[in-house]
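J.: Could you put together the complete structure from these sequences and hints?
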Amino acid sequence: MSKSLQAIRGMNDILPEQTPLWRYFESTVARLLDNYGYRQIRMPIVEFTELFKRSIGEVTDIVEKEMYTFDDRNGDSLTLRPEGTAACVRAVLEHGITGGGQVQKLWYIGPMFRHERPQKGRYRQFHQIGLEVFNLDGPDIDAELIVMTWRLWGELGLRDAVKLELNSLGTSESRGRYREALVEFLSAHLDKLDEDSQRRLKTNPLRVLDTKNADTQAVLADAPKMADYLDDESRAHFEGLKARLDAVGIPYVINPKLVRGLDYYSKTVFEWVTDKLGAQGTVCAGGRYDGLVEQMGGKPTPGVGFAMGIERLVLMLEALDKVPEELARQVDVYLCAFGEAAELAALALSERVRDQLPNLRLQINAGAGSFKSQFKKADKSGALYALILGDDELAQQVVGFKPLRGQGEQQSIAWDALAAHLATCVVQG
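For the sequence shown, my numbering begins at 83 and goes up steadily by one.
A hint or two may mislead.
As the list claims (entries may be wrong) - Quick list of in silico lysine-lysine cross-link-like pairs, DSS-like style, CA-CA up to 27 Å:
no., residue 1, residue 2
1, K284, K307
2, K324, K245
3, K358, K339
4, K458, K187
5, K147, K202
6, K294, K358
7, K404, K202
8, K307, K324
9, K339, K135
10, K284, K294
11, K202, K381
12, K339, K274
13, K339, K284
14, K187, K147
15, K454, K484
16, K274, K294
17, K135, K245
18, K135, K294
19, K245, K307
20, K245, K187
21, K324, K147
22, K339, K202
23, K284, K135
24, K202, K85
25, K245, K458
26, K459, K274
27, K245, K339
28, K187, K324
29, K462, K484
30, K135, K381
31, K307, K339
32, K135, K147
33, K381, K147
34, K404, K358
35, K459, K484
36, K484, K458
37, K294, K339
38, K85, K147
To be clear, the hints were calculated from the coordinates, so they are not data collected in a lab.
T.: Shown next, in the form of structure tokens:
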């Protein structure tokens, strides 16, 4: 196949054998967010480039190196969204749904795009579930976001595989004072910093804190600490968050070097990290951005949110063998029909059963085939039971009911009793 007919590097097809696990994860998260009172919002995947420059920051790695940006036919500079918060803020401002102090608790799902070196768990088109809350400024909503994710890890069986890291970046004023102190300290040790950190020192010095370079990390051991520069309000907010997490019993670690890669964060920042995915250790991250709405032209509006990477969490479920067994079976019952008259009756019978059992996964054999070939298809489908409808069954208005997994003899079930029988054997377990 020619290269032009292949998927773009780092942008992957999600094949039919993979989608059941994706759907399971997505539906689990959606149900949880519904239960906590969050409402879904859907934004375009393409926005004006200026949106991300204003919100994320022009000297961030995302804007400088990673965005997919192009000019459209009107000469407008457009960008495939690299993250969801800026687009969500744009949407709530454009439609005025946070005006007058209205509280909005929103969530979204979809692809994001960054031009990075593809590796396992880190792709150029990747998928996130994110949520944003507007007009709540206390530590209680920060805690709610973390409590929700903790509950999600419990439902997915991942609690033992993740760790919560917390930090506070303070207000823009206190962060500015800390930035000055950090630049002064690092400038005195410039020759010991790696090349990337030397560049960041001039553009985004707080990002030096999360460098992976061992020599630079050794220098940072003696660097000023953000906690020493926090204002009283931010310190009280952070203590309030920790008290709520303690009350629920959620363990956490304070990471003074946690800064996140986007300029808009303030006060609380957090990451859920794992050591089960190699270098790609962050599976969910977020924090407060109380100045972002105003920065984008709106009135002062507190905001907080997070995003989680679907690819990485799906990989974790697979790596830790937390995939529910039922996902391997996409069909509950497979109906085999032999002969034209039986095929017509099977179609009508299957629809009658679906009317009575809407959650039953029933597949009817599509296309003629011998008894042997149809049973091979039934077995390959993973179905628990096969239904058999031939001339004899048609004459008696019954179906053969044959277990395909485990013990059990074939039975004849009257058409009128079939739905009740399936409800007992399949739907109710």
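J.: Verify the proposed pairing of K245 with K307, using a straight-line Cα cut of 27 Å.
T.: Roughly 22 Å between the alpha carbons, so the hint for K245 and K307 holds.
J.: When you check the alpha-carbon spacing of K307 and K324, does it fall within 27 Å?
T.: Distance of about 19 Å is within 27 Å: holds.
J.: Does K202 sit within 27 Å of K147, going by the straight-line distance between their CA atoms?
T.: 20 Å, holds
J.: Going straight from one Cα to the other, do K245 and K458 come out at no more than 27 Å?
T.: It is violated: about 46 Å lies between the C-alpha atoms, which goes past 27 Å.
J.: Could you grab the alpha-carbon distance between K245 and K187 and see if it respects the 27 Å cut-off?
T.: 25 Å, holds
J.: Can the restraint linking K324 and K147 be considered satisfied, given a maximum Cα separation of 27 Å?
T.: 36 Å, violated
J.: With the threshold set at 27 Å, check whether the alpha-carbon distance from K135 to K381 stays at or below it.
T.: Holds: K135 and K381 sit about 19 Å apart, inside 27 Å.
J.: For the pair supplied as a hint, K135 and K294, is the alpha-carbon distance within the 27 Å limit?
T.: Satisfied, since the Cα-Cα distance of roughly 26 Å is no more than 27 Å.
J.: With a cut-off of 27 Å on the C-alpha distance, tell me whether K462 and K484 pass.
T.: The hint holds at about 15 Å.
J.: Given the hinted pair K274 and K294, is their alpha-carbon gap at most 27 Å?
T.: Between K274 and K294 the Cα gap is close to 14 Å, so the pair holds against 27 Å.
J.: Please work out if K284 and K307 have their alpha carbons no farther apart than 27 Å.
T.: Holds: K284 and K307 sit about 19 Å apart, inside 27 Å.
J.: Is the Cα-Cα distance between K459 and K484 27 Å or less?
T.: Between K459 and K484 the Cα gap is close to 14 Å, so the pair holds against 27 Å.
Violated hints, in rising order: 4, 11, 14, 17, 21, 25, 26 and 33; the structure is consistent with all others.
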